[in-house]
Amino acid sequence: MNDIIDLTLIDWSRGQFALTALYHWLFVPLTLGITFILAIMETIYYKTGDPEWKKITRFWMKVFGINFAIGVATGIILEFQFGTNWSYYSWFVGDIFGAPLAIEGIMAFFMESTFIAVMFFGWDKVSKRFHLLATWLTAIGANLSALWILVANAWMQNPVGMQFNPDTARNEMVNFWDVFLSPLAINKFLHTISSGFVLAGVFIIGVSAWFLLKKREIPFAKKSILVAAIFGFLSSLFLITTGDGSARQVAFKQPMKLAAMEGLYQGKNGVGLVAFGILSPASTDPTNEKLPDFLFRIEIPNALSYLIHLNANAFVPGVKDLLNGNEKEGILSAADKISRGKMAIETLRNYKNAIADGHKDEAFQMRQKFMSKDFQDNYFKYFGYGFVKNSNELIPSIPLVFYSFHIMVILGSWFLIFFIFSIYFIVNDEITKKRLFLKIAIFTVPLVYIAQMAGWTVAEVGRQPWVVQDLLPTVAAVTNINAGAVQVTFWLFALIFTLLLIAEVKIMTTQIKIGPKEGGH
Amino acid sequence: MRKILQFYIDGFKGMTLGRTLWAIILIKLFILFFVLKLFFFPNYLKKNFSNDQERSTHVIENFTKTK
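Each protein sequence line maps, in turn, to chains R and D.
Take the position in the first sequence, starting the count at 1, then add 474; the result is the number in this note's numbering.
Take the position in the second sequence, starting the count at 1, then add 9; the result is the number in this note's numbering.
Treat the hints as calculated values from the structure; they're not laboratory data.
Please note that the accuracy of each hint is not assured.
Taking lysine-lysine and the DSS-like style, the derived pairs with C-alpha atoms no more than 30 angstroms apart in a straight line are [what the hints assert, rightly or not]:
hint : chain 1 : residue 1 : chain 2 : residue 2
1    : D       : Lys22     : R       : Lys816
2    : R       : Lys908    : R       : Lys529
3    : R       : Lys855    : D       : Lys22
4    : R       : Lys913    : R       : Lys742
5    : R       : Lys843    : D       : Lys74
6    : R       : Lys913    : R       : Lys696
7    : D       : Lys74     : R       : Lys602
8    : D       : Lys74     : R       : Lys987
9    : R       : Lys991    : R       : Lys913
To give an idea of the interface, some chain R residues facing chain D are shown, with a C-beta separation under 8 angstroms as derived from the structure [what the hints assert, rightly or not]:
hint : residue
10   : Trp565
11   : Lys599
12   : Thr983
13   : Lys987
By construction, the Cβ of each residue, glycine as well, lies at the ideal position given by its N, Cα and C atoms.
Starting from the given sequences, assemble the full structure and let the hints guide the process.
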């Protein structure tokens with residue numbers, strides 16, 4: 475198949491998916507976070523009866539409504555692409571994706587949609603208590619929507635709880651709880667939603683800072699900052715904790731991704747954590763043993779080994795170990811995995827040929843062999859490697875993953891500091907005097923979106939060439955359709971999403987300029 | 010039931026900014042489902058094969074072409 479499928483097609487299909495996913499993700503995290511901030515603000519209104527808090531809640535609810543309306547359904551395009559551009563992948567994972575996505579559709583989406591109506595239409599029509607309940611349930615529903623799609627994504631990064639059926643070429647779920655409660659899925663969900671909480675905190679502080687710089691709506695802006703800063707600060711701490719958990723999962727399940735995140739070519743005991751570094755431009759060629767990995771780096775000694783293994787002297791494999799193998803550390807070479815993958819594909823081919831030729835006994839024996847534990851653990855486990863022609867294909871873009879990871883971490887650290895300053899200035903009633911900080915707060919809003927995009931770049935580019943880790947590479951997942959057609963829809967999506975983004979920014983800025991006046995939805 | 014219906018009717022009638030947002034949602038859904046899905050994104054396996062058996066065979070043939 476590698477001979478037939480044009481690399482241009484793969485690149486355009488990947489580009490189209492990346493474009494759609496990244497645009498979709500411009501809208502999602504604000505929804506995840508702002509709904510909880512709204513619920514907290516409305517709870518304060520419910521408890522105090524202070525109409526200022528009602529005004530504050532209604533303003534941010536309007537901002538949420540704009541973001542939700544523009545962003546809703548943009549993710550459906552990804553599902554269109556599964557069926558057209560990624561049909562072999564869709565077929566391969568069908569039964570695994572079906573359950574989580576069906577639950578998402580039925581449970582979270584309907585729950586969310588119902589209570590959103592109460593949130594917007596229900597002021598002064600339903601009881602304050604019921605309205606508050608609707609707001610909280612909207613927040614929970616929005617985050618549950620994210621849960622199911624992230625469970626599906628985590629399965630692609632760490633396929634568990636399934637069995638490949640050689641008769642249908644599909645994976646079938648054998649244990650829902652293994653899929654749902656996989657540590658990678660849990661960490662991914664918690665890390666992703668907490669990043670949305672941080673984004674919403676930064677967003678609200680940034681917009682409120684604009685009001686303070688304009689000397690408008692001072693009490694409104696201060697109260698908004700107080701809630702957003704405390705919520706953002708706690709979310710930042712949680713984000714760091716879940717980020718640590720995610721990185722540890724990556725180290726065990728996707729060691730090549732971790733090596734790329736850290737620019738680690740040669741594994742060793744007691745590996746340091748790169749706080750900041752500039753990669754050697756030529757060091758992406760792992761075959762050149764003499765090349766330096768970095769032109770410059772600031773490293774925390776032994777920290778990576780400790781963070782992963784809780785042992786400062788533990789071994790962490792690098793790109794070269796993962797390609798060449800390391801017998802002492804029990805790491806198979808890429809060549810060995812490729813050979814085992816080819817064996818798995820050949821056995822599948824022989825099985826299907828035996829069926830087609832009517833050799834029932836031979837087919838029966840082939841199937842028994844294919845399904846045996848030994849074959850599953852030692853050969854099928856490396857099925858995807860059978861599509862790989864050159865072991866260098868197993869290395870993701872190290873500069874892209876390395877820099878994205880470090881941009882995400884540096885910005886994440888800045889957000890924590892930013893929230894601490896925000897809390898300090900607001901609690902000491904100094905924030906209106908700190909005009910430089912208010913300007914920085916506005917400038918931090920785009921940074922939090924950049925951090926989100928960087929995070930997804932690490933997660934998705936870092937796992938290349940895999941669509942499903944170790945089982946299905948991109949080259950085997952893509953449909954052999956006309957690359958020209960994919961290019962046309964790529965630009966079509968770029969146009970549609972850009973128009974939606976312009977609409978969002980224009981409507982949002984207009985409403986922000988109008989400010990938190992009473993009434994209307 | 011009637012109360013719930015009236016709640017929604019009053020809510021939609023009272024919309025200001027919501028009218029613009031609903032217009033955007035409806036236009037977006039029309040473009041997504043009646044233009045993109047219909048003309049640009051057919052389901053490849055459903056369109057080209059009539060049953061799951063044929064789809065399975067095709068996918069396995071593709072997977073096992075690699076030597």
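Right, here's what the structure says about each hint:
For a cut-off of 30 angstroms, the pair hint linking D:Lys22 to R:Lys816 is broken: about 64 angstroms separates their Cα positions. For the proposed pair R:Lys908 and R:Lys529, the alpha carbon gap of about 25 angstroms is at most 30 angstroms, so the pair holds. At most 30 angstroms may separate the alpha-carbon atoms for a hinted pair to count; R:Lys855 and D:Lys22 exceed this at roughly 58 angstroms. As the CA atoms of R:Lys913 and R:Lys742 are separated by approximately 45 angstroms, the hinted pair breaks the 30 angstroms bound.
The hinted pair formed by R:Lys843 and D:Lys74 meets the criterion: a straight-line CA distance of about 21 angstroms does not exceed 30 angstroms. Using a Cα cut-off of 30 angstroms, the hinted pair R:Lys913 and R:Lys696 holds, with the two alpha carbons roughly 15 angstroms apart. The straight-line distance between the Cα atoms of D:Lys74 and R:Lys602 is roughly 64 angstroms, outside the 30 angstroms bound, and the hint therefore fails. With a C-alpha separation of about 60 angstroms, the suggested pair D:Lys74 and R:Lys987 falls outside the 30 angstroms cut-off, and the hint is violated.
Pair hint R:Lys991 plus R:Lys913 holds up; C-alpha atoms about 24 angstroms apart against a cutoff of 30 angstroms. A cut of 8 angstroms between beta carbons decides the hint on R:Trp565: the least distance to chain D is about 5 angstroms, and the hint holds. Taken as an interface hint, R:Lys599 checks out: its beta carbon lies about 6 angstroms from the nearest beta carbon of chain D, inside 8 angstroms. Taking 8 angstroms as the C-beta cut-off, the interface hint given for R:Thr983 is violated, the closest approach to chain D being about 13 angstroms.
Because the smallest distance between the Cβ of R:Lys987 and any Cβ of chain D comes to about 13 angstroms, over 8 angstroms, the interface hint for this residue is violated.
The structure shown violates the earlier hints numbered 1, 3, 4, 7, 8, 12, 13.
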